[in-house]
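Sequential numbering from 91 applies to the sequence shown in our numbering.
Note that these hints are calculated values from the structure, not bench results.
Do not take every clue at face value.
[Stated by the list, open to error] In silico DSS-like links for lysine-lysine, alpha-carbon gap of 25 Å or less: (1) K185 with K215; (2) K210 with K184; (3) K175 with K185; (4) K185 with K247; (5) K198 with K208; (6) K116 with K230; (7) K184 with K198; (8) K191 with K116; (9) K250 with K191; (10) K185 with K250; (11) K116 with K175; (12) K230 with K175; (13) K215 with K198; (14) K175 with K97; (15) K210 with K106; (16) K97 with K151; (17) K191 with K230; (18) K198 with K210; (19) K184 with K230; (20) K250 with K184.
[As the list claims (entries may be wrong)] Ranges between beta-carbon positions, derived for each pair: (21) E226 with L154: 33 to 43 Å; (22) D254 with E188: 33 to 43 Å; (23) K184 with K247: 19 to 29 Å; (24) S121 with L154: 15 to 25 Å; (25) K200 with K230: 17 to 27 Å; (26) N136 with K99: 34 to 44 Å; (27) V219 with N93: 51 to 61 Å; (28) P155 with S121: 30 to 40 Å; (29) E147 with K208: 27 to 37 Å; (30) E251 with T203: 16 to 26 Å; (31) G153 with L133: 31 to 41 Å; (32) K151 with K247: 53 to 63 Å; (33) S229 with N207: 49 to 59 Å.
Even for Gly, the Cβ is constructed at its ideal location relative to N, Cα and C.
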Amino acid sequence: MGNINSKIKRHDEELKAEFNRWDYIKNNGSSDPFWADGVNMNLIRNHIIYERRRIKELCSKEGLPLPDIYHSQIPPETDPDYMAKADEITEQAKKTLELYKNDENFNKLKTVTNINNKNKALIVKNVLVYMRELEEAISKGDLVSMRRHYNPETHLKAAKEAVDSLSEDDFCGQITFL
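Work out the full structure, taking the sequences as your base and the hints as a guide.
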């Protein structure tokens with residue numbers, strides 16, 4: 091009986107945690123770089139259904155009462171494209187794009203024209219894609235892609251590191267991506 095009670099308690103705690111995660115994402119969003127909040131909320135909803143089923147099976151098997159959390163309403167299915175704080179994400183994306191456009195390192199990378207080192211050329215190309223990706227995400231209203239730029243420090247650091255890895259010779263002549 092003690093083992094069953096500990097299993098029920100474990101599932102009860104998991105169920106509480108899943109309800110809390112669902113509520114958190116609904117109100118604050120997630121940081122998932124590839125999936126909208128609605129997709130994550132539906133995944134958590136499935137976890138809630140699973141945990142409830144496990145609790146019911148264990149309690150039924152032992153003739154025990156269902157814990158209070160079991161009676162909480164299952165969250166509704168969510169539009170997979172739902173994004174919490176959509177306006178905030180869009181506004182921050184626009185600010186981040188301005189940071190990129192005004193950043194000396196991003197601007198210096200735009201002048202790179204003569205890289206014969208394949209790895210360096212790829213790094214420069216990838217860093218410059220950050221800005222183009224964000225411009226495109228804003229124009230298309232792609233909130234998931236915009237969210238990847240919510241905290242621009244990582245991309246600004248990558249631009250600085252890319253510039254620091256180059257020599258003056260890399261900034262003249264014609265660009266060559268090998």
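Proposed proximity, K97 with K175 (alpha carbon, max 25 Å): The given pair, whose Cα atoms are some 37 Å apart, is violated under the 25 Å limit.
Can the restraint linking K185 and K247 be considered satisfied, given a maximum Cα separation of 25 Å? At roughly 17 Å apart (the allowed maximum being 25 Å), K247 and K185 satisfy the hint.
Distance restraint between K198 and K208, which requires alpha-carbon spacing of 25 Å or less: 19 Å, holds
For K185 and K215, compute the direct alpha-carbon distance and say whether it is at most 25 Å. Holds. K185 to K215 sits at ~22 Å (cutoff 25 Å).
Given the hinted pair K185 and K250, is their Cα-Cα distance within 25 Å? Given pair K185, K250 holds - Cα atoms ~19 Å apart, limit 25 Å.
Could you grab the alpha-carbon distance between K97 and K151 and see if it respects the 25 Å cut-off? 12 Å, holds
Quick check on a hinted range of 17 to 27 Å for K200 and K230, using CB atoms only. 23 Å, holds
For the pair we were handed, K116 and K230, check the Cα-Cα distance against 25 Å. Cα-Cα ~23 Å, so holds.
C-beta pair V219, N93: status relative to the range 51 to 61 Å that was hinted: At roughly 54 Å between Cβ atoms, N93 and V219 fall inside 51 to 61 Å, so the hint holds.
Taken at face value, is the distance from the CA of K106 to the CA of K210 at most 25 Å? 49 Å, violated
Pair hint K215 and K198, alpha-carbon separation not exceeding 25 Å: Holds: K215 and K198 sit about 13 Å apart, inside 25 Å.
Holds or violated: the 49 to 59 Å window for the beta-carbon distance between S229 and N207? For S229 and N207 the Cβ distance comes to about 33 Å; the hint is violated.
Going down the numbered hints, you'll see the structure goes against 2, 8, 14, 15, 21, 22, 24, 26, 29 and 33, while the others check out.
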